[in-house]
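2 protein chains.
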Amino acid sequence: MPKLKALIEKPPRWLSGSGEEAELVLSSRVRIARNLDKRPFTHGAGARVLGEIRDETKTALEDCPSLAGAVVLDMDEISESDRLLLAERRLISREMAKNFVNRCLIVQPDEQLGVMINEEDHLRIQSFEPGFSLQSAFERIGGLDNEIDSRLCYAYSEELGYLTACPTNVGTGLRVSAMVHLPGLVHNKDIGQVLDGLRNIRLTVRGIQGEGSDIVGNLFQISNSITLGLSEEDTVRNIEGHVRKVLEFEKKARSVLLKKARSLLEDKIWRAHGILKTARVVSSKEAMSLISAVRLGIGLGVITDCSLGTLNELFIMVQPMHLQRLHDKVMKVEERDRARADYIREKLNGYK
Amino acid sequence: MPKLKALIEKPPRWLSGSGEEAELVLSSRVRIARNLDKRPFTHGAGARVLGEIRDETKTALEDCPSLAGAVVLDMDEISESDRLLLAERRLISREMAKNFVNRCLIVQPDEQLGVMINEEDHLRIQSFEPGFSLQSAFERIGGLDNEIDSRLCYAYSEELGYLTACPTNVGTGLRVSAMVHLPGLVHNKDIGQVLDGLRNIRLTVRGIQGEGSDIVGNLFQISNSITLGLSEEDTVRNIEGHVRKVLEFEKKARSVLLKKARSLLEDKIWRAHGILKTARVVSSKEAMSLISAVRLGIGLGVITDCSLGTLNELFIMVQPMHLQRLHDKVMKVEERDRARADYIREKLNGYK
Chain A
2 MPKLKALIEK
12 PPRWLSGSGE
22 EAELVLSSRV
32 RIARNLDKRP
42 FTHGAGARVL
52 GEIRDETKTA
62 LEDCPSLAGA
72 VVLDMDEISE
82 SDRLLLAERR
92 LISREMAKNF
102 VNRCLIVQPD
112 EQLGVMINEE
122 DHLRIQSFEP
132 GFSLQSAFER
142 IGGLDNEIDS
152 RLCYAYSEEL
162 GYLTACPTNV
172 GTGLRVSAMV
182 HLPGLVHNKD
192 IGQVLDGLRN
202 IRLTVRGIQG
212 EGSDIVGNLF
222 QISNSITLGL
232 SEEDTVRNIE
242 GHVRKVLEFE
252 KKARSVLLKK
262 ARSLLEDKIW
272 RAHGILKTAR
282 VVSSKEAMSL
292 ISAVRLGIGL
302 GVITDCSLGT
312 LNELFIMVQP
322 MHLQRLHDKV
332 MKVEERDRAR
342 ADYIREKLNG
352 YK
Chain B
2 MPKLKALIEK
12 PPRWLSGSGE
22 EAELVLSSRV
32 RIARNLDKRP
42 FTHGAGARVL
52 GEIRDETKTA
62 LEDCPSLAGA
72 VVLDMDEISE
82 SDRLLLAERR
92 LISREMAKNF
102 VNRCLIVQPD
112 EQLGVMINEE
122 DHLRIQSFEP
132 GFSLQSAFER
142 IGGLDNEIDS
152 RLCYAYSEEL
162 GYLTACPTNV
172 GTGLRVSAMV
182 HLPGLVHNKD
192 IGQVLDGLRN
202 IRLTVRGIQG
212 EGSDIVGNLF
222 QISNSITLGL
232 SEEDTVRNIE
242 GHVRKVLEFE
252 KKARSVLLKK
262 ARSLLEDKIW
272 RAHGILKTAR
282 VVSSKEAMSL
292 ISAVRLGIGL
302 GVITDCSLGT
312 LNELFIMVQP
322 MHLQRLHDKV
332 MKVEERDRAR
342 ADYIREKLNG
352 YK
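As you go down the protein sequences, you meet chains A and B in turn.
Just so we're aligned, residue 2 is where the first sequence starts under my numbering, counting upward by one.
Just so we're aligned, residue 2 is where the second sequence starts under my numbering, counting upward by one.
Isolated chain A, as found in the complex (with noise of 0.2 Å):
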């Protein structure tokens, strides 16, 4: 499918590397939950129904200015290893790789903004910014949540906001998340105490694959689970405020392992490199883990020969779909392991 090779032949925009705090902060990523009105939700839709909801909401959004040059994928018409590459991007969820009859995927080509289309929720609106950037993500989708108002008819109620499919989204249907890279807590050991305190103000914290992932990379995606009774703008200001604390606590960590051990996190950072720069067979967790120091170097000047966008991409590149892809075949997990390494290799040395 030519759309899709167009897609993803070159990484995301949100990876760069660039944007404010960008060695602690990976991406900011904003997303809000609409519903039509008068339609049931996805979950309680047949197949009739959940196509026709498809079509009008599709028709809707390739009219939206914001969209104008966007790509649209039906879910049905490729392969499940190309959803599931799909997810590894972040562009649908892993759900709805698995429940894709009528569902369907609306995002430019900077993949900076994307509507999916019969997820949990009718739309699912996202966006996304390199580096710390919640605002400017917020802003765009403000935009394209305007186009489509004007558009489609949302359900909405006086009282409680708009409606979602899952009670914990009514209100806003605003989620608001930074994936944050926090090494030096993890090392110190601090990181759980952190997590601790982030739960108990009701923030959620996930790994780099949204919920029920695992956390690898030492990438956490601090997201708001409140939606109701408070402001989009509050909300985005309250994650701000926080994740801007937890960058603090990074900060002080690492200035601190910096002072107290040297040598060995230099190391530790130096072998990842070299490892990554000459292994023949790298599993997906040990990547990211060495991917993790490496980046950790590079936040300390330590590592100044490679940039961060080259590792942010790593992280998603050197996933199984993402190697299949380039590959353009099914591979066994050893193989998959020795097409890791040999990626990573001409990533970092500019050459096989």
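None of these hints come from the bench; they were simulated from the model.
The model shown is predicted, which means the values in this text are computed figures rather than measured ones.
Treat the hints with care, since some could be wrong.
Just so you know, same-sequence chains aren't split out, so a pair can sit in one copy or run between any two.
To be verified - Computed cross-link-like contacts, SDA-like style, restricted to lysine to any residue with a CA-CA straight-line distance of at most 25 Å:
| hint | residue 1 | residue 2 |
| --- | --- | --- |
| 1 | K6 | E96 |
| 2 | K4 | G70 |
| 3 | K286 | E267 |
| 4 | K99 | G208 |
| 5 | K286 | V206 |
| 6 | K348 | D306 |
| 7 | K333 | L258 |
| 8 | K260 | K333 |
| 9 | K348 | R281 |
| 10 | K260 | D343 |
| 11 | K261 | G310 |
| 12 | K348 | C307 |
| 13 | K260 | E241 |
| 14 | K333 | M2 |
Following the hints, complete the assembly by docking chain B onto the known chain A.
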């Protein structure tokens, strides 16, 4: 001491990585034990007599053509750490580094021929060759032995042969050994069986530092333990034959490993290479193991950007006393681990 400095500021020639079977045999060594007639053995001699033996022997040795240009080092005139350094270089025994009074070392600047005076025997003459070359080492030592014989009167019995302090050396007083690198047999776990086989035919197997030393870096010193009832020529031929068999086993092990687990083996080699080129802290034990892996890589043609000689030298040069000498100060373990990593990086990268 300028004599010592001149000696140790370049690596010994027997580490050069040249010679037959250099990929599998680091070096060949032959040593003979000799004592003066009508003198008590070292352990039974008082300080005055030891001094007399030293002086008498030294004078004779300095007159030998084979030792023209040799460096003469009185053990009581150098520091303990320098004596330990000479032991790391295999020029004297660890025993002699501790019992140093009235002891002396005479050694050619290329370190291929040397004599310890008043070690366990009055004279311990040793000859080194790079690679597998027992015959050359034996011939060189024979020349010097004759020269000494015409200047001093050896303790010799028509019935037993040369008399020595320890009964295990009586007869030829000859020990012939090869330092072999057997990562393949260690990896496939056949090494235990091979070592048992060697011990069954009364051969001795030791680590790189001789008697009582651990096996590090997969380096094994294989030598005869019988000195009685076998001619010198037969002893050399014997060891040569047995070592050749071990080398065949090692070659077979390597080829099976390549067939069965090429990816994993190459990965291990490349990682070792990567770590040595980047690490900032490396313990002695880890260094030996990583150097061994890269050395195997050269043998297999996987690593092509560094020489056997460089790696052989590393085995010796990263030892504690050598590192301290390089920095001209006593160092704590942590400091040495950093200095070791620095030294290795410089050697393998060609720059600091």
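Status of each hint after checking the structure:
no.: 1; hint: K6 to E96; in the structure: within (22 Å within a copy, 71 Å between copies)
no.: 2; hint: K4 to G70; in the structure: within (11 Å within a copy, 79 Å between copies)
no.: 3; hint: K286 to E267; in the structure: both (21 Å within a copy, 20 Å between copies)
no.: 4; hint: K99 to G208; in the structure: within (20 Å within a copy, 59 Å between copies)
no.: 5; hint: K286 to V206; in the structure: within (19 Å within a copy, 41 Å between copies)
no.: 6; hint: K348 to D306; in the structure: both (12 Å within a copy, 21 Å between copies)
no.: 7; hint: K333 to L258; in the structure: between (39 Å within a copy, 21 Å between copies)
no.: 8; hint: K260 to K333; in the structure: between (44 Å within a copy, 19 Å between copies)
no.: 9; hint: K348 to R281; in the structure: both (14 Å within a copy, 23 Å between copies)
no.: 10; hint: K260 to D343; in the structure: between (35 Å within a copy, 20 Å between copies)
no.: 11; hint: K261 to G310; in the structure: neither (29 Å within a copy, 38 Å between copies)
no.: 12; hint: K348 to C307; in the structure: both (9 Å within a copy, 24 Å between copies)
no.: 13; hint: K260 to E241; in the structure: neither (29 Å within a copy, 55 Å between copies)
no.: 14; hint: K333 to M2; in the structure: within (24 Å within a copy, 63 Å between copies)
Going down the numbered hints, you'll see the structure goes against 11, 13, while the others check out.
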